[in-house]
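Trainee: One line per chain: the protein sequences are G and P, in this order. So the first sequence is numbered by the numbering used here: it starts at 1 and just counts up by one. So the second sequence is numbered by the numbering used here: it starts at 442 and just counts up by one.
Check before you lean on any hint, since a few could be wrong.
[Unchecked claim] Straight-line C-alpha distance at most 20 Å; calculated SDA-like pairs for lysine to any residue:
#	chain 1	residue 1	chain 2	residue 2
1	G	K207	G	P195
2	G	K9	P	I505
3	G	K207	G	T179
4	G	K387	G	A413
5	P	K640	G	D3
6	P	K633	P	E607
7	G	K9	P	T578
8	G	K115	G	A166
9	G	K408	G	R436
10	P	K633	P	E647
11	G	K9	P	K633
12	G	K9	P	E647
13	P	K640	G	S6
14	G	K9	P	E580
15	P	K640	P	T578
16	G	K207	G	T188
17	G	K9	P	A638
18	G	K193	G	K207
19	G	K301	P	T591
20	P	K633	P	E596
21	G	K393	P	R553
22	G	K9	P	R583
23	G	K207	G	D174
24	G	K301	P	G547
25	G	K9	G	R21
26	G	K301	P	D594
27	P	K640	G	E5
28	G	K9	P	R646
29	G	K387	G	S354
Everything labelled a hint here was simulated from the structure, so no lab data went into it.
Single-letter residue listing:
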Amino acid sequence: MSDLESLMKDVSRAVQTDARRRNLLPEIQARLERLDVQSQQQQRAHGTWRLSLVGAALCAAGIAIFVLRPTAISFAVDGAGAGRTGAIGERLAASDSAPLAMRFSDGSQVTLPPKAQAHVDALDAHGATVAIEEGTVEVSVVHRARTHWEIRAGRYHIRVTGTRFAAGWDRSTDSLTVTMHEGSVEVTGPGMKAPARVVTGQRLRAKDVSGDQEPSVVVEDATVAARAPAPAVAEPAAPVEAPVVAEPAPEVEVAAEKPPAREIERRGGAHTRRAPVVAPTSKLALADAEWRSLEARGRFKEALAAAIRDGFDDGCLLLPAQDVFNLGETARLAGDFRRAEYAYQAVNRRFPSSTPTSTAVYALGKIAFDQHRDYAAAAKWFGVYVKRFPDGKLISEASGLLLVSRIKAGDNAGARAAAESYLRSFKDGPYAKLARDTVGY
Amino acid sequence: MGIAMALPREMRPGAHVLNGGATAYNDDAELVAALHRGDRAARTVLVQRYEPLVERLVAGALGIDSEISDVIQDVFVGVFEGIRSLKDASALRSWIATLAVFTARGRIRRRRRWRWIRFLAPEDVPEVPVTGPQGETHEAVRATYRVLDTLPDDERMAFSLRFISEMQLTEVAAACRVSLATVKRRLARAEKRFVEAAKDHPALRERLTHGGRWADMADLAVTVETEGES
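So here's chain P without its partners, still in its complex pose (with noise of 0.2 Å):
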């Protein structure tokens, strides 16, 4: 087994064994002074602790998509393309969410611009063969990444952070670089959108059919709003 299968998924700073048993670079503090220093071996800590990190938070931005290892590679090149320009090792981690979230964006950014000339006419438009999950589940994901596609880019990535790659709100305001209230701005505006465009989608408006939340999702955006222009 190799190491990416040996480590848990989530790795938090702190102590980190390497597969020989040694212990190395116990906190960031250490991890991202060897990095100043250009220890290779820091690098490939640095990978094996924040990788799962930068995974969830891609692939909840991208869903299942057959980029998302060129994005992860997207995010580390930058990190050490940049970790010199990081002064405060305490902030690793949320400055390490923070490229994994605007790689992520550029991407479907990117993605978007160019959708429009690989048009086909809906006749014609070939059924491409999916991995992943099978049935309804594998129904609802792709119903809700193209909702998704509909949405203001910033809606979008708040909505995926924290309902798909369950962050805490905080977590999701560092990470965009925005405010609190700003987040929580973008999550009513965009749970609202989510809920109309939903409707269009069999798979979808069968899970949201009891009411609760979805039927006072206006009401809702009302509350946010409010709360966030406190």
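So that you can see chain G by itself, here it is in the shape it has in the complex (with noise of 0.2 Å):
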């Protein structure tokens, strides 16, 4: 027998007189017995539900006909005063203080926040036409078979189906932006040859004619437009009771590969530039794009390269959370450090309270610190994650690797701070040694 063999068979031996001794059968059957009466009380809920339905479809088969007429929807005003029905052609504006809500029957909701003012131009069974007068509306559009909604504001046209947007009226200067939170919409009017569709994550900003200038178009990445200039970085200057740091800036270079705004249409002089209209929509968004088997699969280098093929970039702007987070979990572990950290970022810059922003933004402490070996940016990181996270699953770690980055960065005061603060946490952590050691420094 070989040493190869002699080994493993010690191994062998060890590892199944463990698994032995465990005596694991009588859990395992437990744990089938409990499947089991799960599955007997959903089967039983089942049968019940089911007899239910047939009752009640009879009864309500004959209701229906009566009931289930094409009728138009109706809407009712919430706002300062007592909720009533609303009416086509009424003029509701906001107070300077209160927004004001339009209800309608069919669960879709358009608010007005102060100060702005819309009215409902039709009512149909299908939907109706809201006509802003003036300020930004939240629109949240349910969507149902044959739904027919639109958003009126001056020349332009809002198609809707389903989705939730800000649209906003500017009437001094005929200027319309639309805002997508979620689905899409198309926009028509002044500027427009074909219809242009704004798809989640987007920005359309659109101004009809105004004096000598010709109308003009613009679609965007909706988070490039509000990024607001990057805060500067506050280096903890002195023992502080937690760790106060300003959240990070997006990394310039990241930033500098968004794509452009793209002027899809502008008009007369020298600068007319036609581009397609329709927003493009990312591959990568499809449940069996290419990316997400070959990650499922383990294999993510090519999961890696798929998904830049189908456009990771724009992905990142795109995308839901859970998406964008697996693409930076993808380049990871392909070992692509900085498309993982653009992933990263565009999840903590988008989604800042969804549920995997707070491993993103502990991912991004661990690569400034595995990776660039850039202390002081992990140090910040992992603040971002203590403050705005303290009920994380990884706040155990967040607050200890923050208290090695500060030392390794040279920053005492603040790894003091951060010593204090783990101590209170966790006194008996894998940290523990280390605060102490450095309370006492």
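Bring the two chains, given one by one in their own frames, into a single complex with the hints.
Mentor: Shown next as structure tokens:
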């Protein structure tokens, strides 16, 4: 028998003995029993439900014939005063201090912030047409079969199916702004030969003819447009009770890679430029996108290559939080830390309170720590985690790594503050000894 | 003594004696037919019959690990969820083995992804209390799985199935759903990597200083690669 086989025999004996000693069979059978009970309960509930459904369906069928006739939807107005039923053409103006909501019977809602004005142009069985007179209204339309909803602002029309967005109208400049929160809309109006499609994460800015200027339309990434100048990062100057660190600004080199705002059409003048009106829909969003299956099989380099081919950067700007986070994970596990950071930062920026955001922030700290050995940056990200996610599942690790990062960055005062904070929460944690040494230093 | 303790560890398909002495589901065909009918007693028999096999494969893949029980449970949940798709009852054993291999590999992959996130500074890594064998064997076991953690998943599975779970090459190939040649190639690469990495672990290095197979690893790898290609 070779050395390898002899060694493996010993290993085999050890692990099998360990597993056998645990006597796993009763535990396994108990779990299967529990699953059985759950399954039976579900079946019983199903059976009862089916019987009830048959009875109810018979009753409902008769009633439905009379009730479910195509009737126009209605709406109620909730504002500073008591709720009341609204009427077509009635001018609705929010007060200077309180918003006003138009609640439609199909579940949709249009909210006017203070000082905004609008009215309902039309109501039918499938939706409504709301005209904005002034201000930025928040629109939430419930999607149904044959939904026909429209928002009008000046000469612009926004066709809606089911979505959430903000539509702003500045009548002094005849300017429209549409910011998509969810779903997509099509906008028609001056300066557009074809409908302009605006999707989640994008913003459309359109300006009607004004003076000697031609109408203009721009579709851009809403997060880029909204991005404020990079805040200065405050270095902790003195011991503090809890780590107080300004959130690091997105990396400039990463931000520079963002797709630029796309001027989709400008008529007249020497700068005429035509580009596709329809906004890009990322292939990465598809459930059967290649990168997903490759990522699930652990083939991260190939998954990343597929994601890059299908528009990694656009995906980070358009996809939901979990997908963007998964893109970051794919890049990280493929060893492309620059792209991983790009995706994690997109999660943090676009979805500040989503489920994967805390892990994305932590990951940014880890990459700064492990890959760049930039301990000041790592301390900033771990500080962000500790401050924003005190109940996060990685709070113990983040608190410990904040301490280590500050020590390595030479920030002794900050390290002592982090150590004191750590000891208050994790006096027996893995970094407790280091924390005690730091405090006593 | 419970049923589990009363049963022999490695129950092969065939006659099965229940606790009360009654014989039921003499072969896998009867067992699978009963499972297709939704017979709950058949399920118990299946668990009793194949738990040792699943345990051997999962424990071999994961080592001394607190998650073994969870993984084995996941395997059986998968078995009962998918049993209706099994048309050939004679393939029951290899089908369960495949499920066990893929479930264990999935757990290894998931753990590999999250290991990164649980990083601790080396000087602060706490000593985790470990149950199981002590002394030299304990060190060897721990070192073996540390080395296995560095191997690619597919090679690790081939290695642990062959050498720790002690499966035949053909069984490894069937469980991994690859050809015999592929398994041989994976094993050759895994052995080579294992030997190299083992040199950094005193507990393994001492066991592997007698030359023989280890000294000839490079030649062996070439030989097996050649066999695999043919």
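Trainee: With reference to the structure, classify each hint as holding or not holding.
Mentor: Each hint, compared with the structure:
1. G:K207 <-> G:P195: It holds: about 15 Å lies between the C-alpha atoms, which stays within 20 Å.
2. G:K9 <-> P:I505: The hint holds at about 15 Å.
3. G:K207 <-> G:T179: 15 Å, holds
4. G:K387 <-> G:A413: 18 Å, holds
5. P:K640 <-> G:D3: Satisfied, since the Cα-Cα distance of roughly 13 Å is no more than 20 Å.
6. P:K633 <-> P:E607: 19 Å, holds
7. G:K9 <-> P:T578: 11 Å, holds
8. G:K115 <-> G:A166: 15 Å, holds
9. G:K408 <-> G:R436: It holds: about 16 Å lies between the C-alpha atoms, which stays within 20 Å.
10. P:K633 <-> P:E647: With Cα atoms ~17 Å apart, P:K633 and P:E647 stay inside 20 Å; holds.
11. G:K9 <-> P:K633: 18 Å, holds
12. G:K9 <-> P:E647: 16 Å, holds
13. P:K640 <-> G:S6: 17 Å, holds
14. G:K9 <-> P:E580: Measuring from Cα to Cα gives roughly 14 Å; hence the hint holds.
15. P:K640 <-> P:T578: 17 Å, holds
16. G:K207 <-> G:T188: Distance of about 12 Å is within 20 Å: holds.
17. G:K9 <-> P:A638: Holds, because 19 Å separates the two Cα atoms, which is no more than 20 Å.
18. G:K193 <-> G:K207: Roughly 14 Å separates the two Cα atoms, so the pair holds.
19. G:K301 <-> P:T591: With Cα atoms ~18 Å apart, G:K301 and P:T591 stay inside 20 Å; holds.
20. P:K633 <-> P:E596: 11 Å, holds
21. G:K393 <-> P:R553: OK: G:K393 and P:R553 at ~18 Å, within 20 Å.
22. G:K9 <-> P:R583: 14 Å, holds
23. G:K207 <-> G:D174: Holds, because 6 Å separates the two Cα atoms, which is no more than 20 Å.
24. G:K301 <-> P:G547: 18 Å, holds
25. G:K9 <-> G:R21: This hinted pair holds, its Cα atoms lying about 18 Å apart.
26. G:K301 <-> P:D594: Status holds; Cα separation ~15 Å.
27. P:K640 <-> G:E5: 16 Å, holds
28. G:K9 <-> P:R646: Since the Cα atoms of G:K9 and P:R646 sit roughly 16 Å apart, the hinted pair holds (cutoff 20 Å).
29. G:K387 <-> G:S354: Roughly 16 Å separates the two Cα atoms, so the pair holds.
In the structure shown, no violation is registered for any of the earlier numbered hints.
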